[in-house]
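Asks: Sequence:
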Amino acid sequence: EIKAGKALSALENLGTTSAQVIRNGVMESIDAADLVPGDLVEIGEGEAVPADLRLTFCAQLEIVESVLTGESVGVTKDTKAIKVRTRQLPLGDCKGNAFMSTMVSHGRGRGIVTRTGSKTEIGKISVAINRSASTVRKTPIQKKLTRLGMWLVLLALTLCAVIVICGVSWGRKFVPIFITGLSLAVSVIPEGLVAVTTVTMALGVRRMARRKALMRTLPAVETLGGVTVICSDKTGTLTEGKMGMSELVDANRIMFEISKSTSRDPNQGEVSYRGHANDVNSDTQHVVHDIDKYNTAAADMSFVVCAMCNNAEVFYDEEIGQWSSLGDATEVALTIAAQKAGLRKSDITATTSKSLSTLEDTTEASACAGSASKPFELLVENAFDSDRKRMSVSFEASSNVREGKRCVVVFAKGAPEEILSVCTHQLANTNGFLRQGTTVDGKPARRSAEDIATGIVSCLTNEMVPLTDELTRIAGETCEQMAGRGLRVLGMAAKVCFLDIDEPVTEEALGLAWAENELVFAGLVGLIDPPRSGIIESVRRCHNAGIKVIMITGDHIGTATAIAESIGIIRDDRPSTQRAISGSELDLLSDEATALLDPFPSVFARVSPENKIKIVRALQQSGNIVAMTGDGVNDAAAVKGADIGVAMGLGGTDITKQAADMVLLDDNFTTIVTAVEEGRRIFDNILKFILYLLSCNSAEIILFLYAAVLNLDLPFTTIMILWANIIADVPPSLSLGMDPPERNIMDRPPRNPKSGILTKTTTLVLVIQAFFMATITFAVFLVAVLTPFGRIVLHNHDHTLPDTYVPSIFHQGDPETNANDNMSPHIAGARSVAFGVLTVLQLNQAFLSRSIDVSVFKTGLRANKWMVGCVLLSFGLYVLGVYVPGLNDWLELAPLGWQAWLLMLGAVVLQVVFSELTKLALRAISRKRALRMDNHEPQFYEQNQ
Numbered sequence: 001e002i003k004a005g006k007a008l009s010a011l012e013n014l015g016t017t018s019a020q021v022i023r024n025g026v027m028e029s030i031d032a033a034d035l036v037p038g039d040l041v042e043i044g045e046g047e048a049v050p051a052d053l054r055l056t057f058c059a060q061l062e063i064v065e066s067v068l069t070g071e072s073v074g075v076t077k078d079t080k081a082i083k084v085r086t087r088q089l090p091l092g093d094c095k096g097n098a099f100m101s102t103m104v105s106h107g108r109g110r111g112i113v114t115r116t117g118s119k120t121e122i123g124k125i126s127v128a129i130n131r132s133a134s135t136v137r138k139t140p141i142q143k144k145l146t147r148l149g150m151w152l153v154l155l156a157l158t159l160c161a162v163i164v165i166c167g168v169s170w171g172r173k174f175v176p177i178f179i180t181g182l183s184l185a186v187s188v189i190p191e192g193l194v195a196v197t198t199v200t201m202a203l204g205v206r207r208m209a210r211r212k213a214l215m216r217t218l219p220a221v222e223t224l225g226g227v228t229v230i231c232s233d234k235t236g237t238l239t240e241g242k243m244g245m246s247e248l249v250d251a252n253r254i255m256f257e258i259s260k261s262t263s264r265d266p267n268q269g270e271v272s273y274r275g276h277a278n279d280v281n282s283d284t285q286h287v288v289h290d291i292d293k294y295n296t297a298a299a300d301m302s303f304v305v306c307a308m309c310n311n312a313e314v315f316y317d318e319e320i321g322q323w324s325s326l327g328d329a330t331e332v333a334l335t336i337a338a339q340k341a342g343l344r345k346s347d348i349t350a351t352t353s354k355s356l357s358t359l360e361d362t363t364e365a366s367a368c369a370g371s372a373s374k375p376f377e378l379l380v381e382n383a384f385d386s387d388r389k390r391m392s393v394s395f396e397a398s399s400n401v402r403e404g405k406r407c408v409v410v411f412a413k414g415a416p417e418e419i420l421s422v423c424t425h426q427l428a429n430t431n432g433f434l435r436q437g438t439t440v441d442g443k444p445a446r447r448s449a450e451d452i453a454t455g456i457v458s459c460l461t462n463e464m465v466p467l468t469d470e471l472t473r474i475a476g477e478t479c480e481q482m483a484g485r486g487l488r489v490l491g492m493a494a495k496v497c498f499l500d501i502d503e504p505v506t507e508e509a510l511g512l513a514w515a516e517n518e519l520v521f522a523g524l525v526g527l528i529d530p531p532r533s534g535i536i537e538s539v540r541r542c543h544n545a546g547i548k549v550i551m552i553t554g555d556h557i558g559t560a561t562a563i564a565e566s567i568g569i570i571r572d573d574r575p576s577t578q579r580a581i582s583g584s585e586l587d588l589l590s591d592e593a594t595a596l597l598d599p600f601p602s603v604f605a606r607v608s609p610e611n612k613i614k615i616v617r618a619l620q621q622s623g624n625i626v627a628m629t630g631d632g633v634n635d636a637a638a639v640k641g642a643d644i645g646v647a648m649g650l651g652g653t654d655i656t657k658q659a660a661d662m663v664l665l666d667d668n669f670t671t672i673v674t675a676v677e678e679g680r681r682i683f684d685n686i687l688k689f690i691l692y693l694l695s696c697n698s699a700e701i702i703l704f705l706y707a708a709v710l711n712l713d714l715p716f717t718t719i720m721i722l723w724a725n726i727i728a729d730v731p732p733s734l735s736l737g738m739d740p741p742e743r744n745i746m747d748r749p750p751r752n753p754k755s756g757i758l759t760k761t762t763t764l765v766l767v768i769q770a771f772f773m774a775t776i777t778f779a780v781f782l783v784a785v786l787t788p789f790g791r792i793v794l795h796n797h798d799h800t801l802p803d804t805y806v807p808s809i810f811h812q813g814d815p816e817t818n819a820n821d822n823m824s825p826h827i828a829g830a831r832s833v834a835f836g837v838l839t840v841l842q843l844n845q846a847f848l849s850r851s852i853d854v855s856v857f858k859t860g861l862r863a864n865k866w867m868v869g870c871v872l873l874s875f876g877l878y879v880l881g882v883y884v885p886g887l888n889d890w891l892e893l894a895p896l897g898w899q900a901w902l903l904m905l906g907a908v909v910l911q912v913v914f915s916e917l918t919k920l921a922l923r924a925i926s927r928k929r930a931l932r933m934d935n936h937e938p939q940f941y942e943q944n945q
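Counting from 1, one number per residue, gives the positions in the sequence shown under full-length UniProt numbering.
Hints should not be assumed to be uniformly reliable.
The list that follows gives simulated cross-link-like pairs (lysine-lysine, PhoX-like), each with its CA atoms no further than 20 Å apart [claimed, not checked]:
(1) Lys858 / Lys919
(2) Lys919 / Lys760
(3) Lys374 / Lys405
(4) Lys760 / Lys865
(5) Lys143 / Lys865
(6) Lys389 / Lys405
(7) Lys242 / Lys260
(8) Lys754 / Lys143
(9) Lys95 / Lys389
(10) Lys80 / Lys389
Pair ranges (Cβ atoms, derived) [said to hold, decoys possible]:
(11) Glu313 / Leu597: 43 to 49 Å
(12) Asp573 / Glu518: 46 to 52 Å
(13) Gly321 / Lys865: 41 to 47 Å
(14) Ser590 / Ile925: 40 to 46 Å
Just so you know, the hints here were simulated from the structure itself, not pulled from any lab data.
Only a predicted model underlies this, so the values are computations on that prediction, with no experimental measurement involved.
All C-beta atoms in this analysis are idealised placements derived from N, C-alpha and C, irrespective of residue type, glycine included.
Model the full structure from these sequences, guided by the hints.
Replies: Listed below in structure tokens is the structure:
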């Protein structure tokens, strides 16, 4: 398969070409393909890992494993032994391992090769894609049409046999009756079905492309309409894919909210005061204030730590005309929040740090303190590591310096429990120091850099209270509450120290032991990848449509569950959605046990690529049609194995795009829902023209069965049958393929994947409509033959038989010659009238087929202008066949008078009345069924009746 081949080729390109290996104590560069288990490999910043490694040495090593886990945040590595009791640790938690094709974003390391080639984690994905490519599955519409075709062939052969047997038994000649029966059998098969289906799908592809969904395979267009489960990645699909700091709770549990937290533009969004955390969490009424009007010293200090204990940059890029960022995603989010609060690190910090050797020169240090253009200058940075789970920076402050002293301010951030463990005090509940003074446009003006520095030092010197065990417990509870909302929580702290200016300063003196000790707790900040705009409404539409939405993510289960609850994937009113499990739990289950999970989980967290494949297979074994989204290499195999593979167009890898059936041009989950709606529309339209074709063709069959069983003259000749199929089948069918969607298309459950294309209801409607058209046409034929009406309705009947002539329509001819009056002008007139009645009934049936139970007066004519044009085209061809000399002789049709047109109009009116009564009865039945289903929670789909 071409797509799978391209995906595998792109996957091979991910492999690194060279590796730094130590053999016999000598470092050498070799081809990565030549690595063997046991080799000692060294990796550094910016390099791709050449094989799966067990790390033996790490120097602040951080690796981005998004190709395997889908999470863009770097993973800090260490060499500690893995002591977790589990059958298989999730890849994201394997801190002591490095995996092939992942990227080193920071530091360096060394490790022993454990696996190479197809045995690596990335290699397993390649094998899975190859395995999926070898499995060829028919789409639901292909299965349904194949089954329908078999039934139609069987029906055609049966009807042909019935007509021939009846004709021969009544003494008719075999060859003519066989030709007639064969013509009818051919007419049973909707010849235009394949062409109309293809055109309908192609038009659907164009409409989807305009709505940001690019289809890569034509049959997948219809398959979308039958989707019962959507398995979606969290990061970048359900969420924005960008980390943002959305909350700040200061040391006194005063909460602040940051709007538009992911926008890098500091002018977008604002910081708002929400009140005490207890009030916010209890959903009591509280007033929201702008932080310019209400702020606290602890909140301001937390924003200061966000800006100062940070190496990220957020700036306006003149070349591309927008705000950009550099650095770690978490630090970028903190920098953005500080800027929205009105604080830029560059405003109060020198761009170059002062060396410790310079500090040892007392005179120069003193002079610098008095003349520095920026009040803070970096001295020491203690980088984050996985042991301490903290980062701290020490600055020398030039403001508020005591005589004979050097003012050093330390800012620290990290895991809340680790920050609290090194704090002895917390800031008191006092007014903030970032915004005071004269007003500008009604808001307090920002303080100058010198005033801000003075405020920081003064706050850390005078506005503290001891951090008691009770306060520590309260801070821990606050942290748990924030984590329960899906936030990644960081603690913020700072302290100020006045060192003797004559005291020599060494790196040990300002190192970890001194800097991260006796800190002052400022507050907690919560970061989150926020849900996309409109995602809640899209998930709600899926639930209303009977589609189960499942979140599959590499993130932690607590965060994933909180996000799922916030966007409606997990709902209190639907017990079937309230289940979440981790990848390690899934590893303990077999494929069969996974398929039998009831209720099936709505959230899968910390999953591996193999877990995703298992989830898709389990859902398919349960009879579901599965759509699977993905963007990274880790998603490619599951995307390929799903019924509908969906890749991200903006953030997706080429591998995943090649493996997918559909590419989202905007990486938005809402686009998937839109595509499902379009897929349902396409299937509905296919069903409409199938109903139309089969009802019209069945009417012809029933009409001839009437005549064959009663030994009557055949209502149509063979050429008439073929002409009817040409003018009444294809044009109206094409117009039905372009019918707009019904209003309730996303308020009904998906069709049952196991059911045929025709349900009991649609089959019943089809048969009723066919019998009505056949009965009306046969009645007109009988009246036209048994009375002079057959002569009267002709446009020019001077050459016809006298009014007193009543022909016998029962076969009385010579069996050998089959001689009778079948071709008399009287019979020709009756056939012309019957053909005209059936033709207008069939063309009118196109309008009635637009909905099974909605009135034709509600569907209207203007909603589908193509249908009006196609029906007029078919009607025009019929008129030409009746009145054009030569053509009507060839078609064996006679010109009709005005009486015949009145008869046709009356037949159409009767047809509309009969159809409206039928639809009224169907609506009543549907209402009763809906009342019975009110207390029933639909699962993946409901059985169509």
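Asks: Could you run down the list of hints and mark each one as holding or not?
Replies: Hints and how they fare:
Taken as a hint, the Lys858 and Lys919 pair is honoured in the structure, with Cα atoms around 12 Å apart against an allowance of 20 Å. Annotation: proposed proximity of Lys919 to Lys760 holds, straight-line Cα distance about 15 Å (limit 20 Å). The suggested pairing of Lys374 with Lys405 holds, with an alpha-carbon distance near 19 Å, which does not exceed 20 Å. Distance check on the hinted pair: Lys760 and Lys865 sit about 31 Å apart at the alpha-carbon level, beyond 20 Å; violated.
With a C-alpha separation of about 32 Å, the suggested pairing of Lys143 with Lys865 is violated against the 20 Å cut-off. Restraint check for Lys389 and Lys405: not satisfied, since their Cα atoms lie roughly 31 Å apart, outside the 20 Å limit. Of the pairs offered as hints, the one joining Lys242 and Lys260 holds, with about 11 Å between alpha carbons and a cut-off of 20 Å not exceeded. Between Lys754 and Lys143, the direct Cα distance comes to roughly 10 Å. Compliance with the 20 Å bound is thereby established for this hinted pair.
Taken as a hint, the Lys95 and Lys389 pair is honoured in the structure, with Cα atoms around 14 Å apart against an allowance of 20 Å. Of the pairs offered as hints, the one joining Lys80 and Lys389 holds, with about 15 Å between alpha carbons and a cut-off of 20 Å not exceeded. Taking the beta carbon of each, Glu313 and Leu597 are about 47 Å apart, inside 43 to 49 Å as hinted. Between Asp573 and Glu518, the C-beta spacing of about 51 Å keeps the proposed range 46 to 52 Å intact.
For Gly321 and Lys865, the Cβ-Cβ distance of about 43 Å falls inside the hinted range of 41 to 47 Å, so the restraint holds. A C-beta distance of roughly 43 Å is found between Ser590 and Ile925, which places it inside the suggested range of 40 to 46 Å.
When held up to the earlier numbered hints, the structure conflicts with 4, 5, 6 and fits the remainder.
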